[in-house]
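Colleague: Sequence:
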Amino acid sequence: MATRFLLKTLLSLALTATPSLSENLVPLLKVGDVAPTFMLPSVDDKRISLRDYCGQLRQSWKNGKQHIVIVSFMASYCVPCRREIPLLEAFAKEAGDDVKVIYISVDTLDRTALAPFVKSMNIQQPVLLDRYGSIMKKYGVQKLPSLFILNREG
53 MATRFLLKTL
63 LSLALTATPS
73 LSENLVPLLK
83 VGDVAPTFML
93 PSVDDKRISL
103 RDYCGQLRQS
113 WKNGKQHIVI
123 VSFMASYCVP
133 CRREIPLLEA
143 FAKEAGDDVK
153 VIYISVDTLD
163 RTALAPFVKS
173 MNIQQPVLLD
183 RYGSIMKKYG
193 VQKLPSLFIL
203 NREG
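Numbering (our numbering), first residue to last: 53 to 206.
FYI, nobody ran anything at the bench for these hints, they're computed from the structure. Careful: at least some of the hints might be erroneous.
Stated by the list, open to error - Here are the simulated distance ranges between beta carbons: (1) GLY148 - ASN174: 24 to 34 Å; (2) THR160 - ARG99: 15 to 25 Å; (3) THR164 - GLY84: 16 to 26 Å; (4) VAL131 - GLN108: 18 to 28 Å; (5) SER172 - GLY84: 20 to 30 Å; (6) ASP96 - ASP149: 30 to 40 Å; (7) GLN176 - PRO93: 13 to 23 Å; (8) MET91 - ALA165: 13 to 23 Å; (9) GLN176 - ILE201: 31 to 41 Å; (10) ASN174 - ASP149: 14 to 24 Å; (11) ASP149 - TYR129: 14 to 24 Å; (12) PRO168 - VAL86: 18 to 28 Å; (13) ASP162 - ASN203: 27 to 37 Å; (14) GLY185 - VAL86: 19 to 29 Å.
Unchecked claim - Computed list of lysine-lysine pairs in DSS-like fashion (alpha-carbon distance at most 27 Å, straight line): (15) LYS195 - LYS152; (16) LYS152 - LYS171; (17) LYS171 - LYS145; (18) LYS82 - LYS195; (19) LYS195 - LYS117; (20) LYS117 - LYS190; (21) LYS195 - LYS145; (22) LYS189 - LYS152; (23) LYS98 - LYS117.
This one's a predicted model, so the numbers in the text were calculated from it and none came from an experiment. Each residue gets a CB set at the ideal place from its N, CA and C atoms; glycine is no exception.
Please model the complete structure; the sequences and the hints are all you need to start from.
Modeller: Printed below as a string of structure tokens:
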């Protein structure tokens, strides 16, 4: 299926574009773990939950479909993040409705201060604000960017 090919391509791009993945870090989340759920404000002033897209859907009557979700922890000051974002945006466009990309910004900036960065990078996918790093800690993120690919069950 085209989606599998795209996921493999994205993963190989992420591995080559992100030098921090080559370090010997022990993440808190391992392959097969259930991803911690979250609900965060977005740059466009919405509240978005991981469960809007995968796992036990929060509003199944509204969405009705579980997606593969790519969660990217990033920051506006992170140079490797700036290289990864266009790749993820292109992937999201190519993948269509089967895959959802969610950016989680760990900037300490509020939404109005982060909005110019989002616009300058032409980010079309949701950008959520984790200003205090609580979700970053739940995922065991130690370096930026950090990418998680979640299956439909979360």
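Colleague: Which numbered hints are broken by the structure, listed smallest first?
Modeller: 1, 3, 4, 5, 6, 9, 11, 12, 19
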